[in-house]
Amino acid sequence: MSDKPFLQIENLAKTYPGSSEPVFDQVNFGINKGEFVCIIGHSGCGKTTILNVLAGLEQASGGTVIMDNREVSGPSLERGVVFQSHALMPWLTVRSNVAFAVRSKWPDWSASQVNAQVEKYVSLVGLMHAIDKKPSQLSGGMKQRVGIARAFAIEPKMLLLDEPFGALDALTRGTIQDELLKICAATQQTVFMITHDVDEAILLADKILLMSNGPIARVAEVVCNTLPRSRQRASLHHEPGFYALRNHLVDFLVSRSKDLSGGRGPAHPPQVRPAEAAQAEAARTEAAAAARGVAPAAAQPLSANNTTAGEISSTTAASVVAPLLQRVA
Amino acid sequence: MNALKGLQGRAAVLSLLILATLVVLWHASTAPRAPGVGASAPAVTLTAEQIEYAKLMGKDPATMAAGGSGEAKKSGGFPTPLQMGQAIVSNLANPFYDNGPNDKGIGIQLAHSLGRVALGFLIAALVAIPLGFLIGMSPLLYKALDPFIQVLKPISPLAWMPLALYTIKDSSISGIFVIFICSVWPMLINTAFGVAGVRRDWLNVAKTLEVSPLRKAFLVILPAAAPTILTGMRISMGIAWLVIVAAEMLVGGTGVGYFVWNEWNNLALTNVIFAILLIGVVGMLLDLVFAQAQKAVTYVD
Numbered sequence: 000m001s002d003k004p005f006l007q008i009e010n011l012a013k014t015y016p017g018s019s020e021p022v023f024d025q026v027n028f029g030i031n032k033g034e035f036v037c038i039i040g041h042s043g044c045g046k047t048t049i050l051n052v053l054a055g056l057e058q059a060s061g062g063t064v065i066m067d068n069r070e071v072s073g074p075s076l077e078r079g080v081v082f083q084s085h086a087l088m089p090w091l092t093v094r095s096n097v098a099f100a101v102r103s104k105w106p107d108w109s110a111s112q113v114n115a116q117v118e119k120y121v122s123l124v125g126l127m128h129a130i131d132k133k134p135s136q137l138s139g140g141m142k143q144r145v146g147i148a149r150a151f152a153i154e155p156k157m158l159l160l161d162e163p164f165g166a167l168d169a170l171t172r173g174t175i176q177d178e179l180l181k182i183c184a185a186t187q188q189t190v191f192m193i194t195h196d197v198d199e200a201i202l203l204a205d206k207i208l209l210m211s212n213g214p215i216a217r218v219a220e221v222v223c224n225t226l227p228r229s230r231q232r233a234s235l236h237h238e239p240g241f242y243a244l245r246n247h248l249v250d251f252l253v254s255r256s257k258d259l260s261g262g263r264g265p266a267h268p269p270q271v272r273p274a275e276a277a278q279a280e281a282a283r284t285e286a287a288a289a290a291r292g293v294a295p296a297a298a299q300p301l302s303a304n305n306t307t308a309g310e311i312s313s314t315t316a317a318s319v320v321a322p323l324l325q326r327v328a
Numbered sequence: 000m001n002a003l004k005g006l007q008g009r010a011a012v013l014s015l016l017i018l019a020t021l022v023v024l025w026h027a028s029t030a031p032r033a034p035g036v037g038a039s040a041p042a043v044t045l046t047a048e049q050i051e052y053a054k055l056m057g058k059d060p061a062t063m064a065a066g067g068s069g070e071a072k073k074s075g076g077f078p079t080p081l082q083m084g085q086a087i088v089s090n091l092a093n094p095f096y097d098n099g100p101n102d103k104g105i106g107i108q109l110a111h112s113l114g115r116v117a118l119g120f121l122i123a124a125l126v127a128i129p130l131g132f133l134i135g136m137s138p139l140l141y142k143a144l145d146p147f148i149q150v151l152k153p154i155s156p157l158a159w160m161p162l163a164l165y166t167i168k169d170s171s172i173s174g175i176f177v178i179f180i181c182s183v184w185p186m187l188i189n190t191a192f193g194v195a196g197v198r199r200d201w202l203n204v205a206k207t208l209e210v211s212p213l214r215k216a217f218l219v220i221l222p223a224a225a226p227t228i229l230t231g232m233r234i235s236m237g238i239a240w241l242v243i244v245a246a247e248m249l250v251g252g253t254g255v256g257y258f259v260w261n262e263w264n265n266l267a268l269t270n271v272i273f274a275i276l277l278i279g280v281v282g283m284l285l286d287l288v289f290a291q292a293q294k295a296v297t298y299v300d
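Residue numbers (numbering that gives the first Met the number 0), protein chains in the order written: chain A, 0 to 328; chain B, 0 to 300.
No lab work stands behind these hints: they were computed from the structure. Since this is a predicted model, take the numbers as computed values, not measurements. Hints may contain errors.
Chain B regions said to be covered by chain A (calculated; three or more residues, Cβ under 8 Å) [unchecked claim]:
#	stretch
1	204-212
2	252-265
The list that follows gives simulated cross-link-like pairs (lysine to any residue, SDA-like), each with its CA atoms no further than 25 Å apart [to be verified]:
#	chain 1	residue 1	chain 2	residue 2
3	B	K206	A	Y15
4	B	K206	A	P16
5	B	K206	A	T63
6	A	K132	B	Q293
7	B	K206	A	W108
8	A	K132	B	A47
9	A	K104	B	R199
10	A	K104	B	L221
11	B	K168	B	L221
12	B	K142	B	L221
13	A	K132	B	W201
14	B	K206	A	T47
15	B	K206	A	N51
16	A	K132	B	A225
17	B	K206	A	G173
18	B	K206	A	L76
19	B	K206	A	A12
20	A	K119	B	K206
21	A	K133	B	W201
22	B	K206	A	D107
23	A	K206	A	G173
24	B	K294	B	P222
25	B	K206	A	L56
26	B	K206	A	G73
27	A	K156	B	F217
28	B	K206	A	V64
29	A	K119	B	E209
So the derived list for chain A, only partly shown, Cβ under 7 Å to chain B, looks like this [claimed, not checked]:
#	residue
30	W90
31	A100
32	C223
33	A276
The C-beta atom is built at its ideal place from N, Cα and C for all residues, glycine as well.
Build the full structure now, drawing on both the sequences and the hints.
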């Protein structure tokens with residue numbers, strides 16, 4: 000951690016023309032190689048603008064972005080982008096859509112080389128059966144999968160995802176999240192992703208950047224996700240520390256993001272690990288239980304029993320707040 | 000029987016019925032009322048030239064001789080459906096004869112018109128589509144050229160004719176110029192509109208993939224704007240086919256428009272009507288070609 004991170008963002012700011020106040024300023028954070036970083040914040044805080052600056056599609060009004068010791072000043076094949084609206088070309092088949100990207104990266108490749116690369120990544124997202132279909136014949140989830148395959152197929156140093164599952168239903172979203180998790184684990188991909196979904200962030204991210212409200216938004220806090228990396232969507236909420244982490248994120252979005260708006264957020268966000276205390280506590284109980292001779296198989300109901308009254312009430316609070324948040328988003 | 004039950008089948012039957020009704024009405028209103036009048040006149044012997052002229056007019060010299068002077072009969076009335084049918088058959092039986100400047104087969108005339116339209120249209124496309132691309136991609140150019148387009152667009156293409164004749168000094172090329180000037184605007188405007196309307200997302204994809212400008216133009220913008228561009232081309236072709244007839248009437252010489260004018264001067268109404276029908280059918284076929292092309296490039300989003 001002492002050496003410079005793979006991607007370093009310093010004092011990034013953006014003021015749109017005709018506006019007196021910047022949307023965000025003093026944005027500082029770093030992303031290490033192989034890290035999955037999610038950014039959460041309310042609409043209008045400039046998440047998409049930050050992503051577009053990283054992608055090179057927009058110019059920041061101040062600050063620098065340095066990736067791999069080089070300044071980012073325009074679009075590049077080193078950063079793959081998955082767009083919210085999938086952005087597939089409707090006149091091309093799935094194969095040609097991905098091949099368009101592959102040929103852009105490796106113009107000298109032969110047709111068979113391109114095709115092999117295309118098929119590799121299309122099969123990775125499980126769409127080999129639909130490879131010769133046009134996007135209009137695919138469902139929303141399948142289209143987004145093609146978008147992901149296209150971004151991965153150019154083997155970028157970094158992947159940028161702009162709320163890729165926002166338009167999908169919950170079931171499809173879950174399946175694709177699992178796929179994304181698998182692919183990222185296999186490829187050690189560095190990812191920066193925008194999301195509105197707290198659970199999605201906990202499932203996918205190693206670090207979660209919390210943005211305060213705009214204007215003059217900032218990255219107010221960096222939350223380290225200390226839950227074990229081999230997460231499962233089905234059992235994630237049984238992990239010790241899950242609710243501590245979740246409540247921390249929800250609390251931020253509900254109240255603290257407002258308090259830290261208008262430039263009151265810190266320029267250099269502190270790193271917090273809200274799940275750690277609960278994890279340590281769970282580990283202690285487990286060790287104690289093991290010492291008492293209880294079989295380790297009973298660990299799960301034990302940790303469930305261990306849920307304190309306070310945690311239960313905050314869980315219900317979260318489930319009340321979640322739909323509220325979605326409306327806000 | 001099943002074919003008749005579908006909407007297509009029923010529409011076809013209705014179309015045929017309407018056609019039949021029109022032909023019957025036409026026949027009823029043009030059929031000679033008193034067949035005795037012409038027959039009672041003394042028979043006139045026709046000279047060899049008159050017989051040939053009558054044949055060229057699609058009329059039977061024998062009945063003309065029996066019915067009095069050919070001139071009187073010809074100007075006597077609107078042709079009947081039967082005479083029309085004979086004219087169509089005789090015109091189509093030998094469409095490519097060439098008996099000098101004022102007497103060419105309809106096929107030759109049509110070929111001249113189509114050639115002019117094709118050439119004028121092609122030049123217009125070569126100018127309008129690249130220029131439309133530039134205008135569509137550059138808001139500055141769009142704003143700068145807009146006043147010119149808005150002023151030049153509503154001018155009737157035939158109004159350019161005197162100027163074209165004076166400067167070009169060749170009637171045939173002037174005709175092509177008129178076709179060019181009338182087909183250029185719809186193509187230009189539609190291309191600019193289509194190119195300007197290419198979705199941001201697709202351009203962003205091209206940008207993040209560092210696609211070269213030429214590759215972007217041909218592989219992203221062109222297919223994305225193709226349906227709009229083809230709509231412009233289809234409109235242009237429709238206008239060009241309208242204008243060529245009028246232009247050829249003015250400049251004369253060859254072409255289906257000149258044919259119409261020439262046959263009017265000959266008072267050969269059957270041939271005029273035949274040419275009118277032919278112009279309609281050819282126009283429809285041209286439109287069909289572009290409709291097919293449009294279908295081929297249209298994508299479902």
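W90/A as chain B interface residue, shortest Cβ-Cβ below 7 Å: holds (4 Å)
Assertion that chain A covers the stretch 252-265 of chain B - criterion: three or more residues, beta-carbon distance below 8 Å: violated (count 0)
Chain B contact restraint on C223/A - CB to CB distance below 7 Å: violated (29 Å)
Proposed proximity, A47/B with K132/A (alpha carbon, max 25 Å): It is violated: about 71 Å lies between the C-alpha atoms, which goes past 25 Å.
Hint consistency between K142/B and L221/B [alpha-carbon to alpha-carbon, up to 25 Å]: OK: K142/B and L221/B at ~22 Å, within 25 Å.
Pairwise hint evaluation, F217/B against K156/A, where the allowed Cα distance is 25 Å at most: Given pair K156/A, F217/B is violated - Cα atoms ~28 Å apart, limit 25 Å.
Restraint status (C-alpha distance of K133/A to W201/B at most 25 Å): Distance ~16 Å between K133/A and W201/B Cα, so the pair holds.
Restraint status (C-alpha distance of K294/B to P222/B at most 25 Å): The given pair, whose Cα atoms are some 13 Å apart, holds under the 25 Å limit.
Claimed coverage, the stretch 204-212 of chain B by chain A - three or more beta carbons nearer than 8 Å: Since 6 is at least three, the answer is holds.
Proposed proximity, G173/A with K206/B (alpha carbon, max 25 Å): Violated. K206/B to G173/A sits at ~30 Å, over the 25 Å cutoff.
Distance restraint between K104/A and L221/B, which requires alpha-carbon spacing of 25 Å or less: holds (21 Å)
Holds or violated: K206/B to L76/A, with C-alpha atoms at most 25 Å apart: With a Cα-Cα distance of about 9 Å, the restraint between K206/B and L76/A holds, given a limit of 25 Å.
Checked against the numbered hints given earlier, this structure breaks hints 2, 8, 11, 17, 27, 32 and 33; the rest are met.
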